[in-house]
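Engineer: Chains U and W, in that order, give the protein sequences. Just so we're aligned, residue 136 is where the first sequence starts under the numbering used here, counting upward by one. Just so we're aligned, residue -13 is where the second sequence starts under the numbering used here, counting upward by one.
These aren't lab readings, by the way, just hints derived from the structure by calculation. Errors might be hidden in some of the hints.
20 Å max Cα-Cα, derived EDC-like pairs, lysine to aspartate or glutamate [as the list claims (entries may be wrong)]:
hint, chain 1, residue 1, chain 2, residue 2
1, U, 148, W, 50
2, U, 219, W, -11
3, U, 215, W, 49
4, U, 304, U, 243
5, U, 219, W, -10
6, W, 59, W, -1
7, U, 215, U, 237
8, U, 181, W, -6
9, U, 148, W, -6
10, W, 6, U, 174
11, U, 177, U, 307
12, U, 215, W, -1
13, U, 148, W, -11
14, U, 215, U, 205
15, U, 148, W, -10
16, W, 6, U, 168
17, U, 219, W, -6
18, U, 304, U, 293
19, U, 177, U, 205
20, U, 167, W, -1
21, U, 181, W, 38
22, W, 6, W, -6
23, U, 148, U, 275
24, U, 215, U, 193
25, U, 148, W, 49
26, W, 42, U, 249
27, U, 177, W, 49
28, W, 6, U, 170
29, U, 177, U, 275
30, U, 167, W, -11
31, W, 59, W, 38
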Amino acid sequence: MSRQSNRSTDTKKMNSELFTLTYGALVTQLCKDYENDEEVNKQLEKMGYNIGVRLIEDFLARSSVGRCQDFRETADVIAKVAFKMYLGITPSVTNWSPAGDEFSLILESNPLVDFVELPDNHSTLIYSNLLCGVLRGALEMVQMAVDVRFAQDTLRGDNVTEIRMKFIKRIEENLPAGDE
Amino acid sequence: MADDVLFEFLHMEMVSHVYKEQASREDIDKERVTCVSTLEGMGFRVGQGLIERFTKDCPTFKDDLDIMKFLCKDFWTGIFRKQVDNLRTNHQGTYVLQDNKFTLLTQVSSGKQHLEEAPKYLAYSCGLIRGALSNLGLESVVTAEVSLMPSCEYLL
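With the hints as constraints, model all of the structure from the sequences given.
Structural biologist: Listed below in structure tokens is the structure:
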């Protein structure tokens, strides 16, 4: 039973499908556990946050990217390096606000939603909300407080998936208070 | 193509979430069993789906042993990026798969006190295997044991 088919791409594909299917099973389980979509969205974001704070270390170790000078650079690194490394896609960075503190990531395709369809009774579910949490958690670990949310979602009928990221403030290192 | 490490992170987070959820509800002992079965159930459905996609183009398997060999080599490699280290059987329907460096356990530090926690991490994989086998036509019971981190054994 010889198979010349590229074994390595098969296994990579399987691994990515494993991730997608696991995520799907997770969302299904959460929908069962919680009555409303809002709760599920919140849980997904929280879980994403926990993953993000650990993922950033893995990212920094593997990508040898230095400290970003400003938010624009951060945006580029997220889109061109991080997304590429972890999800194999390169979203485009657009819609910068005039103040330069807010931008959009446009994803042509979203690996998380392969094989997924939202049933009608879950129209307010933000299926990929885990991503928002991951981004928020990861950036918090590099001293940036950001607000991340989905502006458009292909699962809900939009043409593309758009994630809007807004810089809130730089987090100061918390030094222990010196006074009595 | 999602990166492998994402699955490991997601899995760890899933395990801790399921347990946190149950801890905030009533009875501890009952919940421990439910947690494991929740994780196992998720693994089951995912395993079924995965095996379908993976064996779309493969010729049918000759017998059980063939299925087991496929499981140990291709399926395991696809998911955990390595092959099973050891496969034993009593030729009467019981198989033992041993993996000496199980990917999902390497992140958990080795030490006696963590041995108790290990089954949580294995529940999902047990489900994966059971689901895969069920879609290949085999009814099975899968249990896992950890004697020495990070190796683990699966009994089918």
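Engineer: Against this structure, judge whether each hint is valid.
Structural biologist: Quick rundown of the hints versus the structure:
{"no.": "1", "hint": "U:148 <-> W:50", "verdict": "26 Å, violated"}
{"no.": "2", "hint": "U:219 <-> W:-11", "verdict": "9 Å, holds"}
{"no.": "3", "hint": "U:215 <-> W:49", "verdict": "47 Å, violated"}
{"no.": "4", "hint": "U:304 <-> U:243", "verdict": "29 Å, violated"}
{"no.": "5", "hint": "U:219 <-> W:-10", "verdict": "13 Å, holds"}
{"no.": "6", "hint": "W:59 <-> W:-1", "verdict": "27 Å, violated"}
{"no.": "7", "hint": "U:215 <-> U:237", "verdict": "17 Å, holds"}
{"no.": "8", "hint": "U:181 <-> W:-6", "verdict": "17 Å, holds"}
{"no.": "9", "hint": "U:148 <-> W:-6", "verdict": "16 Å, holds"}
{"no.": "10", "hint": "W:6 <-> U:174", "verdict": "15 Å, holds"}
{"no.": "11", "hint": "U:177 <-> U:307", "verdict": "26 Å, violated"}
{"no.": "12", "hint": "U:215 <-> W:-1", "verdict": "26 Å, violated"}
{"no.": "13", "hint": "U:148 <-> W:-11", "verdict": "10 Å, holds"}
{"no.": "14", "hint": "U:215 <-> U:205", "verdict": "16 Å, holds"}
{"no.": "15", "hint": "U:148 <-> W:-10", "verdict": "10 Å, holds"}
{"no.": "16", "hint": "W:6 <-> U:168", "verdict": "13 Å, holds"}
{"no.": "17", "hint": "U:219 <-> W:-6", "verdict": "18 Å, holds"}
{"no.": "18", "hint": "U:304 <-> U:293", "verdict": "30 Å, violated"}
{"no.": "19", "hint": "U:177 <-> U:205", "verdict": "29 Å, violated"}
{"no.": "20", "hint": "U:167 <-> W:-1", "verdict": "18 Å, holds"}
{"no.": "21", "hint": "U:181 <-> W:38", "verdict": "32 Å, violated"}
{"no.": "22", "hint": "W:6 <-> W:-6", "verdict": "18 Å, holds"}
{"no.": "23", "hint": "U:148 <-> U:275", "verdict": "31 Å, violated"}
{"no.": "24", "hint": "U:215 <-> U:193", "verdict": "16 Å, holds"}
{"no.": "25", "hint": "U:148 <-> W:49", "verdict": "27 Å, violated"}
{"no.": "26", "hint": "W:42 <-> U:249", "verdict": "18 Å, holds"}
{"no.": "27", "hint": "U:177 <-> W:49", "verdict": "47 Å, violated"}
{"no.": "28", "hint": "W:6 <-> U:170", "verdict": "18 Å, holds"}
{"no.": "29", "hint": "U:177 <-> U:275", "verdict": "18 Å, holds"}
{"no.": "30", "hint": "U:167 <-> W:-11", "verdict": "28 Å, violated"}
{"no.": "31", "hint": "W:59 <-> W:38", "verdict": "16 Å, holds"}
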